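Visitor: Need the complex rebuilt from these two chains, each delivered in its own frame; the hints are there to steer you.
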Amino acid sequence: MTASNASSDVLDCGRTIQELSEYLEAGRSPRDAEIEQCPECLNALESLSRVSDLSRDLFAADAASLPEPSAGWFGGILDQVAAELRSGRDLPVRHPDPRVRITVAEGAVRTLLRSAADELDGVFIGRTRIIGDVEELGAPVTIDVTASIAWDLDARAVADDVRRRIADVVARHTDLEVAAIDVTIEDVHAPQPRKDAS
Amino acid sequence: MNLPSAPRDAVTDLVLDAPGVAAVFPPRVADAVAGALGSVVPLVTADAAAETVQVRIAADAAGRAADTGREVADLLLARFPEADLIRVQVDRIQ
Chain A
5 MTASNASSDV LDCGRTIQEL SEYLEAGRSP RDAEIEQCPE CLNALESLSR VSDLSRDLFA
65 ADAASLPEPS AGWFGGILDQ VAAELRSGRD LPVRHPDPRV RITVAEGAVR TLLRSAADEL
125 DGVFIGRTRI IGDVEELGAP VTIDVTASIA WDLDARAVAD DVRRRIADVV ARHTDLEVAA
185 IDVTIEDVHA PQPRKDAS
Chain B
285 MNLPSAPRDA VTDLVLDAPG VAAVFPPRVA DAVAGALGSV VPLVTADAAA ETVQVRIAAD
345 AAGRAADTGR EVADLLLARF PEADLIRVQV DRIQ
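Sequence lines, in order, name chains A and B.
Each position in the first sequence, counted from 1, maps to that position plus 4 in the numbering used here.
Each position in the second sequence, counted from 1, maps to that position plus 284 in the numbering used here.
These are calculated hints, taken from the structure and not from any lab test.
Be careful, since some hints might not be right.
Claimed, not checked - Partial list, derived from the structure: chain A residues whose beta carbon lies under 8 angstroms from chain B:
1) N47
2) H99
3) I106
4) A112
5) V138
6) H177
7) T178
8) D179
Stated by the list, open to error - Restraint-style ranges between C-beta atoms, simulated for each label pair:
9) B/D344 with A/R98: 17 to 27 angstroms
10) A/R160 with B/P365: 18 to 28 angstroms
11) B/D344 with A/D125: 21 to 31 angstroms
12) B/L369 with A/S33: 18 to 28 angstroms
13) A/L141 with B/D368: 17 to 27 angstroms
14) B/D368 with A/A161: 44 to 54 angstroms
15) B/P365 with A/D164: 45 to 55 angstroms
16) A/D16 with B/A346: 50 to 60 angstroms
17) B/L300 with A/R32: 14 to 24 angstroms
18) A/T188 with B/P365: 32 to 42 angstroms
Said to hold, decoys possible - Chain B stretches covered by chain A per the calculated footprint, using a threshold of three residues with CB under 8 angstroms from any CB of chain A:
19) 340-346
20) 363-371
Quantities reported herein were computed from a predicted structural model and do not represent experimental measurements.
Built from N, CA and C at the ideal position, the CB exists for glycine as well.
If we strip away everything but chain B, and leave its shape as in the complex, we get (with noise of 0.2 angstroms):
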């Protein structure tokens, strides 16, 4: 099973557009060097072979931060339905 193809832009503005986030990631270097065996994604990484999306984020302080993580990791499920992995990392709140 091969997850849509998502162009790196659309899928950052979709995780950037939903309520709470602040700003989004690069994948660590290990992720994007694991990437690279399947298909890259700099921002939020689609790893064809792992079936999985990645994202890191940060979150509004004003906000909540566990409900951002959510609501992106609902954002991710309705765009990748065949997924098998939906990984949200907020890694800052600021």
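The shape of chain A in the complex, shown without the other chains (with noise of 0.2 angstroms):
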């Protein structure tokens, strides 16, 4: 599975989705030390991994009864993958010492937000950003995520546990002053084995 937009999935780093995505089904191999010591390379590698598992799974136990939408909004999952990665804010940490300057790269915490929801049953996550002027400590800031969530589920429930993950994963990695976090259910699929039994 590659990224379908070539003129928008070149990382900070240089390289490609398409590149990144040929070296991930070879195996990671050659390994190329380049690659395997770039950190938006292996954001992407980890989040391209990730959504080929999830629809490998997802395909795989129901193809035939998916509707025909969720086809095509799961194929978008990797364009949305390559905006996050792409994206090259950097979030400020609070240090007492001017002459210090510590930031979080936000794709890595949009990388570590989409893990975190994806990790809940039933759930894939869509698009994940971050709304705000984040490059300034203390402005208020709104989460927003898009899922899509197993038909048998309960939408508020899920809705409730991905917030629920995406506020500790930002209190704990980042100083984010969050005021809002969105979670918008945007397709229904059918429920599939859980995502822990391989």
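Guide: Right, here's the structure in full:
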């Protein structure tokens, strides 16, 4: 599976999602030392690997029963992943010494947000965004995510679980002032085997 | 003012020993080129002309990335007390 929008898949390091998809499909072999030491590439490989695993499970389990929009929705996730990883904003971290500048890469946080929410059974994250002036300490920001959930789940309960996990990730790893976490369930899909049962 | 000389491996080891640090990454190409005008230390860039110390790290997801960044900054401040800028970039949380 590869990203479809070739013009928008260049990471900050210069590599493309297409290149990394091919590297992943080759089993990360032969080993490319530059890729394996590049944080942007490693974030991308992690996200691509997760999306690939989830999509394989989803389609293998009951492809015939999927409503048509689900396939399209899922196919767009790779483009969202590319957009997340390409974003290069720096999230500042507080430090009392004015000579110190500490930042956390937005791409790293969004990768982790996707990972944390995707771990929930029956949940596939579509898009993650951090809206607001994230480069200004203390500025209120909104976390916005979309998801597809299994149709036998309680949408409100899932949204609450996703919100809790995202709040935990942001609180633990950043100094962001989160004003709201918006979770939009924009699709449903057939129930799948548990994600930890491989 | 010149920063104290810092063998790359010693400084890298110092950063790697900080709680919550999972990896230390090479500087971006642009940073390395800029550093070449002064002194280049590939993993932790100590540029005597700009009096800065810069490091890119991966933080352990089981820890707290922001706190890890602060720990690294404190270690570098102690190691380079005359630096004008200590720059810590958490580029990955794994």
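Visitor: So which of the earlier hints does this model not fit?
Guide: Going through the list in order, the structure violates hints 5, 10, 12, 16 and 18 and respects the others.
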